[in-house]
Every structure is written in C-alpha cells, then in structure tokens.
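Chemist: These are the residues of each chain, in order.
There are 2 protein chains.
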Amino acid sequence: MAKNPAPDASRRSEKSRRAIYEAALALVGDVGYPKTTVEGIAARAGVGKQTIYRWWPSKAAVLLEAFLDLSLQAAQEAGQAPYVIPDTGDLAADLKAVLRITVDQMADPRFAVPARALAAEGLVNEPLGREFVTKLLEPQLQLYVDRLRAAQAAGAVRADADPRVALELFVSPLAQRWLQHTGPITYAYTDTLVDYALYGLAPR
Amino acid sequence: MAKNPAPDASRRSEKSRRAIYEAALALVGDVGYPKTTVEGIAARAGVGKQTIYRWWPSKAAVLLEAFLDLSLQAAQEAGQAPYVIPDTGDLAADLKAVLRITVDQMADPRFAVPARALAAEGLVNEPLGREFVTKLLEPQLQLYVDRLRAAQAAGAVRADADPRVALELFVSPLAQRWLQHTGPITYAYTDTLVDYALYGLAPR
Numbered sequence: 001m002a003k004n005p006a007p008d009a010s011r012r013s014e015k016s017r018r019a020i021y022e023a024a025l026a027l028v029g030d031v032g033y034p035k036t037t038v039e040g041i042a043a044r045a046g047v048g049k050q051t052i053y054r055w056w057p058s059k060a061a062v063l064l065e066a067f068l069d070l071s072l073q074a075a076q077e078a079g080q081a082p083y084v085i086p087d088t089g090d091l092a093a094d095l096k097a098v099l100r101i102t103v104d105q106m107a108d109p110r111f112a113v114p115a116r117a118l119a120a121e122g123l124v125n126e127p128l129g130r131e132f133v134t135k136l137l138e139p140q141l142q143l144y145v146d147r148l149r150a151a152q153a154a155g156a157v158r159a160d161a162d163p164r165v166a167l168e169l170f171v172s173p174l175a176q177r178w179l180q181h182t183g184p185i186t187y188a189y190t191d192t193l194v195d196y197a198l199y200g201l202a203p204r
Numbered sequence: 001m002a003k004n005p006a007p008d009a010s011r012r013s014e015k016s017r018r019a020i021y022e023a024a025l026a027l028v029g030d031v032g033y034p035k036t037t038v039e040g041i042a043a044r045a046g047v048g049k050q051t052i053y054r055w056w057p058s059k060a061a062v063l064l065e066a067f068l069d070l071s072l073q074a075a076q077e078a079g080q081a082p083y084v085i086p087d088t089g090d091l092a093a094d095l096k097a098v099l100r101i102t103v104d105q106m107a108d109p110r111f112a113v114p115a116r117a118l119a120a121e122g123l124v125n126e127p128l129g130r131e132f133v134t135k136l137l138e139p140q141l142q143l144y145v146d147r148l149r150a151a152q153a154a155g156a157v158r159a160d161a162d163p164r165v166a167l168e169l170f171v172s173p174l175a176q177r178w179l180q181h182t183g184p185i186t187y188a189y190t191d192t193l194v195d196y197a198l199y200g201l202a203p204r
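In the order they appear, the protein sequences are chains H and R.
One point on numbering: in the UniProt record's numbering, the residue at position 97 of the first sequence is 97, and numbering is uninterrupted.
One point on numbering: in the UniProt record's numbering, the residue at position 175 of the second sequence is 175, and numbering is uninterrupted.
Some hints could be false.
Repeated chains share a single entry, so a pair holds when one copy, or any two copies, can fit it.
To be verified - Below, in silico cross-link-like pairs of lysine to any residue (SDA-like), each with a Cα-Cα straight-line distance of 20 Å or less: (1) 15 to 61; (2) 135 to 184; (3) 35 to 162; (4) 35 to 124; (5) 135 to 183; (6) 96 to 165; (7) 35 to 125; (8) 135 to 181; (9) 59 to 160; (10) 15 to 135; (11) 35 to 101; (12) 135 to 180; (13) 135 to 58; (14) 96 to 44; (15) 59 to 29; (16) 96 to 140.
Source of the hints: derived by calculation from the structure; they are not laboratory data.
Pulled out of the complex, with its shape left as it was, chain H reads as follows (with noise of 0.2 Å):
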C-alpha cells in the first residue's frame, strides 16, 4: 500500500477511461455479459487489469459507467443537455424531439450492440437487471416524470395522471419495439405515440 499508493480519481487519466469504456462495450457486444471480464476489458484496452481494479470493483460496475457516459456524449452530440428534457411550452413538440434522439441512438450500433446484450443478461440475471434499471433506465425515465409535472402545472396534461405511468405510453412501446424487433422504429412512429398517448385513442 505504502509503495503503490492507489491513484486519486482525480489522476484517471480521460484518455484511458474513454478506452477501457468503449472496450468494455464493444467486448459485452461481442461476446455477452457472461464472458465478458475485467481482464478481456483491459486488455482490450491496452492497460493492465489493476488499473481497472484501482478505479471499479467490477464489470457491472465499469459497464454502468461505460453506458452513463455514452449517453452524456449522445445529448450533447444532440446539441442537448444531458439529464434534460427541454420546455418549449409545447409538450407534444418537445416529447417528440427527446424521442427522435432516442430513436437515432437505437440505430447507433455503439449503443445498440452493448446495450441489447446487457438488456438480454439484465432479463435472466435478475439483480444485474434490477443494478441497471435503478442506475441508468429509471433516472432517464424521471425526466420525462419532471416534465410531464411541468406540463400538468401548465394544465397541458389531466392533474389526476400519474407522471410515471404516464411517460410509458410513449416510452415503453419504443422500447419493446427495439428489444424485440416488433415493429420498424421510425420519427413517424414515435411522434404518433406521442399524439396518440396526449390526446388518446377514444374520439374527442
């Protein structure tokens, strides 16, 4: 302890973080979350696995950072801030256009590829699955949560919805869409969601 002192994180150095994430994501995506290990993640990356050691206690943990990181660099490859939902005052434009970001980023094969195979593990590896839902999905879902409160103290939706379940008429179907490949995943399709979820299925 004394001879190698554990660096601060404030030494990490970007450049190999950047690198251990994006081996620890292209590595789930090639060969699944089971065989995926801190080893084949550091030498993917070109360090040794003390280094990954020092700053993460284990895969699921540089996974989970891998994944937060990547969606910080989609909002702002988006020209958003991250953990944001913008508030035009228009509700239905402004679901329509986090959800088209959201559509791009399934058809982005660095997200897609790792974030499919963590998903699969997540369904039959219950506690991982529970880790990430808690960690990554549900802060993303809050946002739509604080917006859609937003939008009900501007009398755009009914007071007596429940925010939460709210957000997964438009949410969870793209979602299952990806998943399963139940349907193409299109702009169209998720701005219909939207509308069809703001003013419902039932004639007005």
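Please build the complex by placing chain R on the supplied structure of chain H, with the hints as guidance.
Modeler: Quick look at chain R alone, frame taken from chain H:
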C-alpha cells in the same frame, strides 16, 4: 423408412406430447436457451430423442409449440375462448379483462420462467427472436387489432387511429415492466394503462 415409418401426427400420444412440452419449458427455464438440447428435453420427458425428432425439426420448434399450448391452456383456465378478445360493447372493460389475464400469467412461474429465458435469447439471437415474434407474439397482438377495429366500427375509437400502433400503448408498458422489472405489475396498473390510452393524458 419402410421399416420405421414416421408415425402420423394423429398417432402422437397426448401424454408424451404434453410431457415433451413441459420438459422443454422447464429445461429452457432452468438452463437457458443455448444449453437446452433436444437430448436434454428427451431425457427430462422420459422419451427417446428420435421421438422428438420425428415430430419436430429443432428445439426451437418444440418450444414454439410448447408456448402456444401454454397460452391455450391459460385462456381455457380463465374461461376464455382462445384466439379472441371478448366484445361486450365496452372496449375499456374488455381490454382490462384480457390484460388482467396476462397479469396472472406473468405471475405464474410455469409461464414466466421459460418465457423470460426465451425472450432473453431472442434479444441477442435475432433469427430466433423474429421467429417467436412472428409466430407467437404477433398473432396475439392481432387479436387486439381485431378488437380495436371493431371498436372503430362502433365509434369507440377514432377512425384515423392505427390499431397496430394503438395497442402498444397498453401492451408494451406491461411487457416492459415484466421483462425489465421497471415497476410493479397489478390489475390497478393495467386498468390505468387502458384508461390513459383510451382517453389520453391531455385534458378534455
């Protein structure tokens, strides 16, 4: 061939057919799809593997029929005609009734454990996933399309709504909660989904 003619489908013993279905579902739930083999199914069912190969070309084919049979049983146990959604004239009530049966099925390990194992495989094995969607899931979704079309004819659903997209507003949220453990699954939840989907989130 002349010495060992393949038995006609009508000669399949109901008892061994059901034993094979149950063995296939139990095995895929226990060990996952990749490690499920026709030999393993045969051993668990107490039949020779040639018995299985005489009736089905592959493990995927056995599993497909086993799930179809299980869905049929679930409908019968719920006192419903299979392959139809009731039409009492009250669309919301009819959809809620059918979704409550699905909620029950998702809580039943006989269905849930093998279905989850198969869904997980379908995420990363695209040909298998597409086969099961086409042959198992999509025919069930078409029942909702038929019911929504009847509702359109009766004026209970907007004529310009696409039934194949509309059904996803209440089916996909339930599917995602079940697959990814993103929230509790209750009758109150599915009832709420139906109400939101039919009447929308925006004030009327």
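Chemist: Take the hints in turn and mark each one as holding or not.
Modeler: Now the hints, each set against the structure:
Taking identical chains as interchangeable, the C-alpha atoms of residue 15 and residue 61 lie at most 20 Å apart only when both belong to the same chain, with a minimum of 18 Å there against 48 Å between chains. In this assembly of identical chains, the alpha carbons of residue 135 and residue 184 lie at most 20 Å apart only when taken from different copies (17 Å versus 28 Å within one copy). Taking the closest pair of Cα atoms, residue 35 and residue 162 never come within 20 Å of each other, the shortest separation being 40 Å inside a single copy and 42 Å across copies. Taking the closest pair of Cα atoms, residue 35 and residue 124 come within 20 Å of each other both inside a single copy (15 Å) and across two copies (14 Å).
In the homo-oligomer, the alpha carbons of residue 135 and residue 183 lie at most 20 Å apart only across protomers (14 Å), although the nearest pairing inside one protomer, at 28 Å, exceeds that limit. In this assembly of identical chains, residue 96 and residue 165 lie within 20 Å of each other by CA distance both inside one copy and across copies; the values are 18 Å within and 16 Å between. In the homo-oligomer, the alpha carbons of residue 35 and residue 125 lie at most 20 Å apart both inside one protomer (14 Å) and across protomers (16 Å), since each shortest distance falls under that limit. In this assembly of identical chains, the alpha carbons of residue 135 and residue 181 lie at most 20 Å apart only when taken from different copies (13 Å versus 25 Å within one copy).
Taking CA atoms no more than 20 Å apart as the test, residue 59 paired with residue 160 passes in neither setting, with 42 Å inside one copy and 49 Å between copies. Taking CA atoms no more than 20 Å apart as the test, residue 15 paired with residue 135 passes in neither setting, with 24 Å inside one copy and 47 Å between copies. When the C-alpha separation of residue 35 and residue 101 is checked against a cutoff of 20 Å, the pair qualifies neither within a copy, at 31 Å, nor between copies, at 37 Å. Taking the shortest alpha-carbon separations for residue 135 and residue 180, only the inter-copy value of 13 Å comes in at or below 20 Å, while the best intra-copy value is 23 Å.
Within a single copy, residue 135 and residue 58 get their C-alpha atoms as close as 15 Å, which meets the 20 Å cut-off; across copies the closest is 39 Å, which misses it. For the identical chains of this complex, residue 96 and residue 44 are neighbours neither inside a copy (38 Å) nor across copies (51 Å), given an alpha-carbon limit of 20 Å. For the identical chains of this complex, residue 59 and residue 29 are intra-copy neighbours only, at 14 Å inside a copy versus 25 Å across copies, given an alpha-carbon limit of 20 Å. Taking the shortest alpha-carbon separations for residue 96 and residue 140, only the intra-copy value of 15 Å comes in at or below 20 Å, while the best inter-copy value is 29 Å.
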